[in-house]
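Number of protein chains: 2
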Amino acid sequence: MFSKDIYINRRQRLKDKMNKGIALILGNIDAAMNYPDNTYHFRQDSTFLYFFGLDYQGLAAVIDFESGEEILFGNDFDIDDIIWMGPQPKLKDNALKVGVTQTHPLSKLKEIVSKAHQQGRKVHFTPPYRGENILKIGDLLNVNPLKVKEMHSIEFIKACVSLRSIKEPGEIEEMERHMAVAYQMHTTAMKMAHPGVTEQQITGILEGVSMSGGGPISFPIICSVRGETLHNHVHPNTLKSGDLLLVDAGSESPLHYATDHTRTSPVGGKFTSKQKDIYQIVVDTNNAALAATKPGITYKEVHLIAAKTMTEGLKSLGLMKGDVDEAVAQGAHALFMPHGLGHMIGLDVHDMEDYDQRLVGFDEEIQPSTQFGLAALRLGRRLQPNFVVTNEPGMYFIPDLIDQFKSEKKFTDFINYEMVETYKGFGGIRIEDDVLITETGSRVLGERIPINPEDVEAMVQSGK
Amino acid sequence: MFSKDIYINRRQRLKDKMNKGIALILGNIDAAMNYPDNTYHFRQDSTFLYFFGLDYQGLAAVIDFESGEEILFGNDFDIDDIIWMGPQPKLKDNALKVGVTQTHPLSKLKEIVSKAHQQGRKVHFTPPYRGENILKIGDLLNVNPLKVKEMHSIEFIKACVSLRSIKEPGEIEEMERHMAVAYQMHTTAMKMAHPGVTEQQITGILEGVSMSGGGPISFPIICSVRGETLHNHVHPNTLKSGDLLLVDAGSESPLHYATDHTRTSPVGGKFTSKQKDIYQIVVDTNNAALAATKPGITYKEVHLIAAKTMTEGLKSLGLMKGDVDEAVAQGAHALFMPHGLGHMIGLDVHDMEDYDQRLVGFDEEIQPSTQFGLAALRLGRRLQPNFVVTNEPGMYFIPDLIDQFKSEKKFTDFINYEMVETYKGFGGIRIEDDVLITETGSRVLGERIPINPEDVEAMVQSGK
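Here the protein sequences come in this chain order: W and D. Be aware that the first sequence starts at 1, since it is given in UniProt numbering, and climbs by one per residue. Be aware that the second sequence starts at 1, since it is given in UniProt numbering, and climbs by one per residue.
Keep in mind that a hint or two might mislead.
All copies of an identical chain are treated as equivalent in the list; a pair is satisfied when it fits inside any one copy or across any two copies.
Pairs of lysine-lysine, DSS-like flavour, derived with a Cα cap of 30 Å [unchecked claim]:
(1) 147 / 108
(2) 240 / 90
(3) 92 / 406
(4) 158 / 15
Since the hints were made in silico from the structure, they are not lab data. Everything numeric in this text was worked out from a predicted model, so none of it was measured.
Generate coordinates for the entire structure from the input sequences, incorporating the hints supplied.
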């Protein structure tokens, strides 16, 4: 974990933003896979991690915004636990590591929280996303758990967002350090992109590279020769010559900061010229987005700059036509990129997505759009130094979506459907980097994973 | 999945055992890691898998034990889902694959279940182990979710246990086929057992071997040079010469049957003579248990035969003393093996552990013990052909437990504490196989992973 001063400082800044009530910050418990004691990799709640740093299950914290008290709750282990888990430090000692002096057994949590609740003090919490914590909050507040979800605190969320959006130097160092594992994952996938290998084999190896490198994957790996399926979490295919392999994968650092990159490789090591044309447009779009990513611009504008670059490229190939600005304004390009350009990244791969995407990615100035494509943009607001975002333009030929747009005669002024038909079966390409907003511009975190077509081809070929 | 006749037959046999009410069998939904859309590997509920076979999220089933009806509930996907997930078959078509003709959207589930509940008909379900399904059942039955856990049906559990305990030929084939992946995992670990390698690296690679081989790990990997910690899920150590590396790891087959093996390797490839003495006792105990494992014997007896073999071995080394039968009867050996010999294995690594261990592993004839050590035995009842169990004797030198027993002057007639003190720091050894009960005896499933000390040493050395 970070030094205790970091956590003390974060809590102090939180207290500076909040006036009334108490914050209830529940850690996670182990998540049951198929029975209570068979659990997934433990993942601590990110809000708990941010303010209290302790990375094991069964903890809870309360911050009293009026008295200023900070209390950690948890149970110490007995000899039976020690037989199964080995010797364990006491909660009291762990709490000191994050600058907290007041600790209680978990049984005391209900007394303190329900007392505050009964006194009419606001109990602030972020939206719970696991059933166990929903049940827990229901129990603590003595309300039916089915009512808990609507009770979260917008004020508390906004305070957390304002702190967590701007990464501290230590957070940036941790993220940058872990980019080496991301690099290894993606170059490993490139080297494996040969006919006869299965998607499942590559996925397995990448999970292993991530875990060996320090932590589990930061989200379910997308590894597919059907890249036009945006979030393809099944891996049934065997690679064959001529396929494009899209790999969207990331790893959690030891302190649980996420990486998130996408690369698309030609199976066997050589793009066809048709593939290379589309691939180059996506590279150009990624680079245009990177150049535009800087403090002061809204991320919505960066998204639209990317859309314009993409539309120009598609027009040069004859897949689109007409006025580029007008096509982008109407959202015609969303046939080819129905998702947003990117999102914030930090302790979560979609950072703070448990809170409420509108409060994380938007504000009074920039509101979410309802236009198809743009509506999927997760981040619209103005960029500030030390934000970290992903830039992930993609281009896809999705047969069902093409059929739908065509049958509804959508954007016939901008889309050359006759030519688009000949791209059915092409698949999809996405290229994604993790980008730090600096004082004056932005830079890719870590050594950039091979991106230019000849570099990707060379990396694939080196795995032969 | 299996052929539809398998599922039809299972449901028919279930209906033969049940008379009144309806069964509510909830599939799992994706489990949130750190926000709702960032999920762990999907794991379907085993009871749902057993009776309905469909391996995706958001499904539920009802079996009416009076009318005989079988209904599957789920929602079909729309174009927005298809963009993100690719084309998806309809529930109606999936249902036919498992022999079910009646399907409804999920919204209809509440109507049917709450109607039955209001009519005073028993709604049978197994104990829910995920918060989301606890909340769901609360909603369906219109009761506070905090009350749901106590409402499960013992009668329904007993019917499920009687079916699932006896593995069908197809299940045994599936399990045996996947033993090749278990073999690969454990021999990979042996080959990596060299100084300078980290536990985390090995764990990562093993997760990759499992995933590449067909499915995720079947439980969190134990990979530790501190093998005396029974369920050690942290991996902070770097291997060094003279360490013993204990690896307890398994993989899920494509149909989600578990493997579960443990091997203990000498780091660098050579047991010390002190290590070899203890190791050989554990091998002998494993073999004695295997010979005793057969239809008609109670598993409690097999456990006690293993305990006796182990005690004899410890006595020959001078670590124990006195009358062997009496030492075992009093549980003195549990200082060295505080856990049970094994458990059933199938769709779950501890098969059916979500139900209630007493209903799975015990019956009117054989009840759980309260004696330290024996109390941790998960399976006591009489073995039948086509049970599959793990045999996993182990021997550990747990400093905290030694101190506790010694200070309480426990078993001073049987334990030579002076000598035991010299084994503090030794660590632990466990050796575990998956064993099928046959008509006349038992056999290890799959090719046996190297077990004899010289074979393990050779495998480690081959990885140099």
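Given identical chains, is residue 147 near residue 108, meaning Cα to Cα at most 30 Å, within a copy, between copies, both, or neither? both (23 Å within a copy, 22 Å between copies)
At most 30 Å between C-alpha atoms: does residue 92 with residue 406 qualify within a copy, between copies, both, or neither? Result: close only across copies, 28 Å inter versus 64 Å intra.
Is it within, between, both or neither when you check residue 240 against residue 90 at 30 Å Cα-Cα? Between copies only: 28 Å across chains, 55 Å inside a chain, cut-off 30 Å.
At 30 Å max between alpha carbons, let me know whether residue 158 reaches residue 15 within a copy, between copies, both or neither. For residue 158 and residue 15, the Cα distance is within 30 Å only inside one copy (13 Å; across copies 54 Å).
Checked against the numbered hints listed earlier, the structure breaks none of them; every hint is satisfied.
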